[in-house]
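So the protein sequences, as listed, match chains A and B. The first sequence lines up with residues 1 to 547 when you count with our numbering. The second sequence lines up with residues 1 to 547 when you count with our numbering.
FYI, nobody ran anything at the bench for these hints, they're computed from the structure. Among these hints, one or two may not hold up.
DSS-like mimics (lysine-lysine), calculated; alpha carbons at most 27 angstroms apart, straight line [said to hold, decoys possible]: (1) Lys476(B) <-> Lys240(A); (2) Lys118(A) <-> Lys58(A); (3) Lys240(B) <-> Lys476(A); (4) Lys240(A) <-> Lys184(A); (5) Lys240(A) <-> Lys118(A); (6) Lys118(B) <-> Lys240(B).
Protein chains: 2
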Amino acid sequence: MDLSHWGWGYADKFLSREARMQLGDLAAAGLGFSPLGLDEPVSLDDVVLPDTVVNAPKTLLHLFDGTSEGRIRNTYGRAYRDILRGFRGDFASAPDLVAYPTSADEVRRVLDWASDAKVAVVPYGGGTSVVGGVECPRRDREEAGLNGVVAMNMARLDAVDEIDPRSRLARIGAGARGPALERKLGEHGLTLRHFPQSFEFSTLGGWIATRAGGHFATLYTHIDDLVASIEAVSPVGALKSWTLPGSGAGPSPDRFLLGSEGTLGAITAATVRVRPRPRYKASATAVFATFEAAAVAARMLVQSDLHPTNCRVLDPREAGLNGVDGAGRAVLIVGFESDDHPLEPWMSRALELVNDAGGACEAPVRYVAPGADGQRSSQGADTWRSAFIDAPYMQTNFVSMGIIIDTFETACTWSGFDALHADMIREVRDVMKRVAGRAFLSCRFTHVYPDGPAPYYTFACPARRGAELQQWAEIKAAASEVLMRHEATITHHHAVGRTHRPWYERQAPSVFLTALSAAKRALDPSGVMNPGALIPAATPPGGESAM
Amino acid sequence: MDLSHWGWGYADKFLSREARMQLGDLAAAGLGFSPLGLDEPVSLDDVVLPDTVVNAPKTLLHLFDGTSEGRIRNTYGRAYRDILRGFRGDFASAPDLVAYPTSADEVRRVLDWASDAKVAVVPYGGGTSVVGGVECPRRDREEAGLNGVVAMNMARLDAVDEIDPRSRLARIGAGARGPALERKLGEHGLTLRHFPQSFEFSTLGGWIATRAGGHFATLYTHIDDLVASIEAVSPVGALKSWTLPGSGAGPSPDRFLLGSEGTLGAITAATVRVRPRPRYKASATAVFATFEAAAVAARMLVQSDLHPTNCRVLDPREAGLNGVDGAGRAVLIVGFESDDHPLEPWMSRALELVNDAGGACEAPVRYVAPGADGQRSSQGADTWRSAFIDAPYMQTNFVSMGIIIDTFETACTWSGFDALHADMIREVRDVMKRVAGRAFLSCRFTHVYPDGPAPYYTFACPARRGAELQQWAEIKAAASEVLMRHEATITHHHAVGRTHRPWYERQAPSVFLTALSAAKRALDPSGVMNPGALIPAATPPGGESAM
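Could you put the whole structure together from the sequences, leaning on the hints where they help?
The following block contains the structure:
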């Protein structure tokens with residue numbers, strides 16, 4: 001199946017005009033406003049690219065692709081901004097060249113050349129960044145004093161080897177995508193069990209570089225916790241941490257690379273913690289009169305040490321939009337999985353807690369056991385899962401209808417949530433009404449922790465043709481300012497990239513940014529690694545001693 | 001109760017001559033060789049210190065203590081090397097002064113003065129380091145080009161405030177010791193539930209600086225996972241991370257400070273994840289014919305997702321030495337705790353796994369429930385716990401009898417364990433026989449992970465008076481070389497300090513050390529923070545671009 005050169009995922013998931021008109025009617029019901037029209041994307045052949053300003057090195061010609069299609073397909077991630085610009089045929093940030101290294105040694109040769117030639121290198125995984133993490137615009141490259149931009153596509157470093165079922169470890173190339181690595185692990189009855197929404201297209205290296213969050217609610221869901229060791233190549237040399245279940249030897253080198261977003265080097269492989277596929281599952285869906293009541297239930301569940309694998313809360317708008325509940329109620333989906341034991345005691349206690357918090361399960365709990373013919377999960381969970389995977393395609397289709405739709409996410413303490421949420425709903429609705437006349441805003445919890453939830457907001461409003469990016473930027477800024485005021489993280493699992501950088505610089509302790517910038521200069525003296533992502537492309541003089 | 005100026009913990013735990021003679025007889029039975037004699041420590045008054053070479057700053061005089069006793073009590077940690085030297089009255093590494101800041105601002109003023117005056121600052125918590133983490137010998141200070149050494153004792157930064165039961169968070173000063181912070185949390189029904197062996201004396205700041213391991217076997221036991229945010233002061237300014245349950249915003253500033261061992265700055269406070277005290281407990285003790293069989297059971301338990309709070313394996317020598325089993329069998333202690341639910345289903349499944357692995361429970365499972373009068377835990381667990389807390393006192397008493405006894409620990413994959421363990425037993429016994437004529441070596445697992453165990457070795461042999469440190473160093477080097485050969489971490493929870501540095505420099509990726517050294521230079525331009533711990537006191541020129 002072909003991938004779209006501008007929208008999310010597979011090209012054929014961009015619907016026909018007729019199907020999009022039907023979707024528009026549905027949207028009107030769900031969002032409360034109608035599409036403004038129906039537009040068509042600029043075709044691949046009609047895109048006009050800026051001229052290439054650097055040439056591939058003669059000794060590495062075989063690794064480089066300078067075709068228009070290659071450049072276009074390695075320009076953007078899949079943020080709303082990216083999809084809109086791609087739809088309109090604007091690929092002004094296209095890299096000059098795309099490199100396809102096939103080994104860590106070739107990565108090193110590309111970085112050696114780029115450091116000498118002063119060319120920016122953007123490690124490119126699945127291209128699903130929603131924060132401008134893989135787009136190096138001309139301004140960033142110029143600020144870094146560089147001559148051009150190479151996208152380094154990691155797709156060919158995709159081996160899955162050194163599978164160790166006894167230690168539950170596997171070494172996987174950074175360029176391996178979710179389905180491919182799961183297929184290879186599945187041959188051994190194993191799974192990495194890391195399912196971000198981008199799973200179909202994103203890569204292990206991208207997950208590590210951006211501290212991706214999996215779709216499970218508690219315990220081992222962040223890629224951070226699934227990494228046992230990392231291999232990477234920085235401009236000053238290669239790095240390979242030891243594969244250790246635990247260590248107290250100095251600050252963790254893995255945690256230093258997790259979230260580094262390609263600014264310190266390119267991740268080439270990792271040894272990750274895998275596990276047998278689950279044989280037992282239990283899932284229940286409960287409805288609550290209010291979002292607040294469902295939130296209390298989620299808190300009780302995550303603080304119970306029952307460790308549900310799923311503990312997702314949808315507010316009434318979110319439940320309606322995703323077809324999980326149409327009666328204006330909040331929904332909590334709670335689930336357990338195990339490869340070892342039946343889950344009745346876990347689920348029974350979970351349902352007592354749900355009941356104590358005022359929740360009602362209208363359908364029986366669904367249990368799956370080895371050999372049994374049970375359904376895989378409860379109705380709510382099924383409906384939820386397909387909506388979850390399809391959501392990015394909705395955004396792509398909506399772009400053609402003049403609808404701005406996007407998400408943002410955070411994490412905060414349980415004590416801080418109520419005030420944050422109230423401000424967020426009020427201020428983001430206000431700004432949407434101001435810039436677009438209409439406003440849709442919903443919330444769910446994607447992850448819950450003993451100390452707080454990770455609220456995830458979906459917003460939508462009508463676009464004004466030509467003003468979309470400005471409208472979007474005003475909404476995004478309003479939401480981000482609320483986060484800053486409440487000291488809630490600018491990103492829980494979407495990463496910083498370029499979009500979040502202004503707020504990240506206010507959130508991260510400046511002494512830490514001083515240390516991070518110094519480390520960056522030591523590993524990347526020419527400043528070629530993904531300039532402008534995460535930290536400023538050029539550190540201002542005297543930055544070392546800033547407070 | 002007075003603390004010993006040279007030995008572990010309370011002074012009165014150093015036994016009378018008569019009691020030590022009895023202990024010696026016991027030791028002969030347990031270790032297989034007899035004490036060589038009975039010696040007495042040099043008294044506090046008889047210690048001769050080197051002259052003080054720096055004066056306290058006039059504006060901060062009230063924070064400084066230059067008395068001999070103050071200097072002696074802030075010289076060493078409690079490694080075997082420290083206890084032996086202290087016993088003999090050798091405090092050659094005594095700091096020139098001790099500073100007692102009472103606030104983060106005073107920490108900053110001390111660091112400002114020290115950076116200007118080129119005086120080394122060693123943050124001093126509970127003084128329980130076993131790796132030379134708080135001893136700054138003259139050589140390290142001179143290599144760093146510094147004029148003197150100040151121990152910065154953090155004891156007065158011990159407030160417990162901002163307790164948030166709903167979010168299960170509490171802000172605690174870095175100088176708070178285990179019992180004091182647990183007492184204050186206990187007033188709210190809460191616990192940090194972090195119980196390293198040094199718990200009685202060590203501090204929150206020390207735990208964070210050294211990545212301490214708690215005494216629970218799985219899940220939330222490392223201080224790393226209990227930290228929600230950190231406050232610290234570096235020579236270029238203060239740092240305060242946001243209190244967040246999760247974040248994907250760049251590399252974690254907390255994980256950067258965790259394990260930094262005072263080299264980047266002094267930790268002044270942290271907001272930590274607390275929880276209600278457990279109301280339900282379950283504990284069982286199983287015996288196995290061999291250590292290998294017990295290890296398989298531990299692996300099955302930790303890979304089951306039952307998440308036992310205790311899952312400790314003792315080899316036959318360890319079980320004998322600790323009085324848990326005298327029949328030459330290996331012992332596994334498995335336990336569960338919860339504040340939420342009875343634990344029968346968890347324990348039942350755990351015992352099935354233990355049984356499958358060939359284990360036998362000779363005593364019934366002990367359950368504790370609210371209101372019930374049950375014993376707190378099984379026999380094995382009780383015996384184990386008191387031996388665990390008393391073990392360091394044994395070492396202190398043995399020093400006076402001419403017995404070298406010490407421990408080292410690591411972590412490795414399950415697949416790598418058998419070969420590592422076989423080499424370790426053979427080579428460490430060999431070196432002890434060579435340097436001491438006799439050898440005792442036992443092993444237990446202190447922690448287990450789905451991907452591997454954390455083996456913890458206890459060794460003992462007769463000392464030759466005056467040659468103890470050389471004997472010890474040869475044994476330590478032999479053990480450390482085995483770890484390097486098997487790529488097992490040089491330390492699982494004892495930290496790097498100065499003792500482990502030569503091996504840490506081989507374990508840590510050199511590119512990472514380049515980054516860490518650059519960060520250190522940016523935050524500590526004068527190089528005053530704990531010079532010689534973790535990373536070299538002075539980075540050789542050109543270190544930035546080393547591979």
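We went through each hint and held it up to the structure:
no.: 1; hint: Lys476(B) <-> Lys240(A); verdict: holds, 26 angstroms
no.: 2; hint: Lys118(A) <-> Lys58(A); verdict: holds, 16 angstroms
no.: 3; hint: Lys240(B) <-> Lys476(A); verdict: holds, 26 angstroms
no.: 4; hint: Lys240(A) <-> Lys184(A); verdict: holds, 23 angstroms
no.: 5; hint: Lys240(A) <-> Lys118(A); verdict: holds, 26 angstroms
no.: 6; hint: Lys118(B) <-> Lys240(B); verdict: holds, 26 angstroms
In summary, the structure agrees with every hint in the numbered list given earlier.
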